[in-house]
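Engineer: Protein chains in written order, with my numbering: chain Z, -5 to 293; chain R, 2 to 227.
These are computed hints drawn from the structure, not numbers from a lab. For each residue, glycine too, the CB sits at the ideal point set by N, CA and C. Misleading hints may appear alongside valid ones.
What the hints assert, rightly or not - Calculated pairs, BS3-like style, for lysine-lysine (alpha carbon to alpha carbon, straight line, at most 27 Å):
id, chain 1, residue 1, chain 2, residue 2
1, Z, Lys198, R, Lys60
2, R, Lys56, Z, Lys49
3, Z, Lys6, R, Lys62
4, R, Lys60, Z, Lys6
5, Z, Lys157, Z, Lys141
6, Z, Lys101, R, Lys56
7, Z, Lys284, Z, Lys267
8, R, Lys62, Z, Lys49
Claimed, not checked - Far from chain Z, some chain R residues (derived; all Cβ distances over 12 Å):
id, residue
9, Leu35
10, Val39
11, Cys41
12, Glu43
13, Glu73
14, Phe110
15, Val113
16, Thr119
17, Lys120
18, Ile136
19, Tyr177
20, Asp203
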Amino acid sequence: MKIPYFPGCTMKTTAKNFEMSAIASAKKIGIEFVEIPRWNCCGVVSSLTSDDLMKHLAPVRNFLRVQEMNKAEAVSENRLLTLCSMCYNTLSLTNNRMKENADELQKINDFMHREDENYAGSVDVVHFLSILDEWGFDKLKIENPLKNLKVASYYGCMLLRPKEVGIDDPEAPQIMEKLVTAMGAESVEWDAKSRCCGSYHTVKNIDLVKKLVSGIINDARENGAEAIITSCPLCAFNLDVRQKEMAVKNSDFQTMPIFYFTQLLGIALGLEKSDLGLEFNAINPNEILKKYEKIKGAK
Amino acid sequence: MEKKMVTVYLSGELFKVPEGSTIIMALEYAGFQLKRGVGCREGYCGACATVYREKGDYKLKGGLGCQTVVTEGMAITQIPFVPAEKPLYELETLTPDVGTFTNLFPSVFRCVACNTCTKACPQDIQVMDYIQSIIRGDLESAANISFDCIRCGLCAMRCPAEIVQYDNGILARRLYGKYLAKKSPELDNRVEEVKNGKYDADIEKLNKMDRDELSKVYYDREIKIT
């Protein structure tokens, strides 16, 4: 499978470990990510104003790139794959809106008059987790099962809500849990899996974010988890970086490693440690990973 | 033979100017004395940013007055200066990453990818693409894409997000040049040669030439790229 891939800005800055582990895992499975040329920022937060179409141009431009790639037969998929939950959400919401409102799509195409070809509304946006599910979690060739590792799957908001674009049941999601089980690890059930991490309050209201992050980590721990996985760079930043700050301030604070799901997947698939970007994780994950010394290239 | 004339509208006023004139030539033919909005007249300096619309077209286009030839019915106005915000910085204190732009040019993150900047650029630069490169921290790409920018300011004048693209571009190039680009030993060698006076005699010779001689050696020069 050769699938058009939309990285989004964080994959190139704060979430390099997500991107490198995802691309390497996908390659091992047999999925090639083809980064779309000249992609632009998705717009970050999907605009809820009903009459400001300008905010939806950014996603549509990226869909046009996918349309062009298909025309050039550079890919085997008319779907746009994302890793970042926020990009997934923003791109999906605009795409749905364009598919459902022919007049709005026309207006956007008119805006790009003499610039690009028209967007036909035929591209679908898909998250890597859904692709893995479709591929079949049970078909993954697990070379290094994460035996006894207790993992809490953290969804946050953007993968699940609103439900029209959610990749799973927004109330009781199971897709990441299925992946955890497939990797040979133990999936933990917990309350906070779709609780908000504080999102962009992390810029101005750090104390609020720390409070929310404490709640999420405590809930994971109370339910027996040793690690948390996520697919959102902003959730990861809040859970990982803000947690580390709390640990630095308070030496009694017991830390919990935060992983992108692709980092654990990479370990389970038997990838080299250098493919996983673990050195970019704020809370040192090496202690917990010691048990899985089969990680190639681990010191 | 009588020179064919075309009708143009300069800041809304009708004039007949010779066919084939550039916008700057048309302005001067019409009697305007240009103090601003004109510079090198060679397409390098970016001082003569002009907005125009051609007859029968709805699009407002950007161009350099010295490089754009008038057409019948063209409506023209010049933008000699863009009163955009311009932060000052010490390059030595900056780091070549996206955080520098967050601090100095937070407006860059307002980009909605409308591409209006690209359409306004007289240099045919993919302006939006370099703004997007900056947003994702790829300063090498931003420096390369924006390389031909002459800071005419038309992108910023048209931008609905009020981004000052050209100032972002030059900062990307400065950061790339100072911190990221591969260092060239040839440059150090050449600076050393200059310091040691290797070219003093040549400079002396050039200084004594009159305009015609200087022009001849300039256009006859050979550039060797090895």
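Engineer: Could you run down the list of hints and mark each one as holding or not?
Structural biologist: Checked hints:
1. Restraint check for lysine 198/Z and lysine 60/R: not satisfied, since their Cα atoms lie roughly 42 Å apart, outside the 27 Å limit.
2. The suggested pairing of lysine 56/R with lysine 49/Z is violated, with an alpha-carbon distance near 31 Å, which exceeds 27 Å.
3. Only pairs whose Cα atoms come within 27 Å are accepted, and lysine 6/Z paired with lysine 62/R is rejected, the gap being roughly 34 Å.
4. Between lysine 60/R and lysine 6/Z the alpha-carbon distance is near 36 Å, which puts this suggested pair outside the 27 Å criterion.
5. The hinted pair formed by lysine 157/Z and lysine 141/Z fails the criterion: a straight-line CA distance of about 33 Å is larger than 27 Å.
6. The straight-line distance between the Cα atoms of lysine 101/Z and lysine 56/R is roughly 24 Å, inside the 27 Å bound, and the hint therefore holds.
7. Only pairs whose Cα atoms come within 27 Å are accepted, and lysine 284/Z paired with lysine 267/Z is accepted, the gap being roughly 12 Å.
8. Distance check on the hinted pair: lysine 62/R and lysine 49/Z sit about 23 Å apart at the alpha-carbon level, within 27 Å; holds.
9. Listed as outside the interface, leucine 35/R is consistent with that label: its C-beta sits roughly 32 Å from the nearest C-beta of chain Z, beyond the 12 Å cut-off.
10. No Cβ of chain Z approaches the Cβ of valine 39/R within 12 Å, the least distance being about 30 Å, so the stated non-interface status holds.
11. Every CB of chain Z is more than 12 Å from the CB of cysteine 41/R (nearest about 30 Å), matching its label as outside the interface.
12. Here glutamate 43/R stays apart from chain Z, with its beta-carbon at least about 29 Å from theirs, past the 12 Å limit.
13. Listed as outside the interface, glutamate 73/R is consistent with that label: its C-beta sits roughly 21 Å from the nearest C-beta of chain Z, beyond the 12 Å cut-off.
14. Phenylalanine 110/R, annotated as away from the interface, has a beta carbon of chain Z within 12 Å; the closest lies near 8 Å.
15. The beta carbon of valine 113/R is not kept farther than 12 Å from every beta carbon of chain Z, the shortest such distance being approximately 5 Å.
16. Look at threonine 119/R: its CB is around 8 Å from the nearest CB on chain Z, not clear of 12 Å, so calling it non-interface is violated.
17. The beta carbon of lysine 120/R is not kept farther than 12 Å from every beta carbon of chain Z, the shortest such distance being approximately 7 Å.
18. Once the 12 Å rule is applied to beta carbons, isoleucine 136/R is inconsistent with being away from chain Z; the minimum gap is 5 Å.
19. Every CB of chain Z is more than 12 Å from the CB of tyrosine 177/R (nearest about 16 Å), matching its label as outside the interface.
20. With a minimum CB-CB distance of about 44 Å to chain Z, aspartate 203/R clears the 12 Å threshold, and the non-interface call stands.
Violated hints for the displayed structure, listed by number in ascending order: 1, 2, 3, 4, 5, 14, 15, 16, 17, 18.
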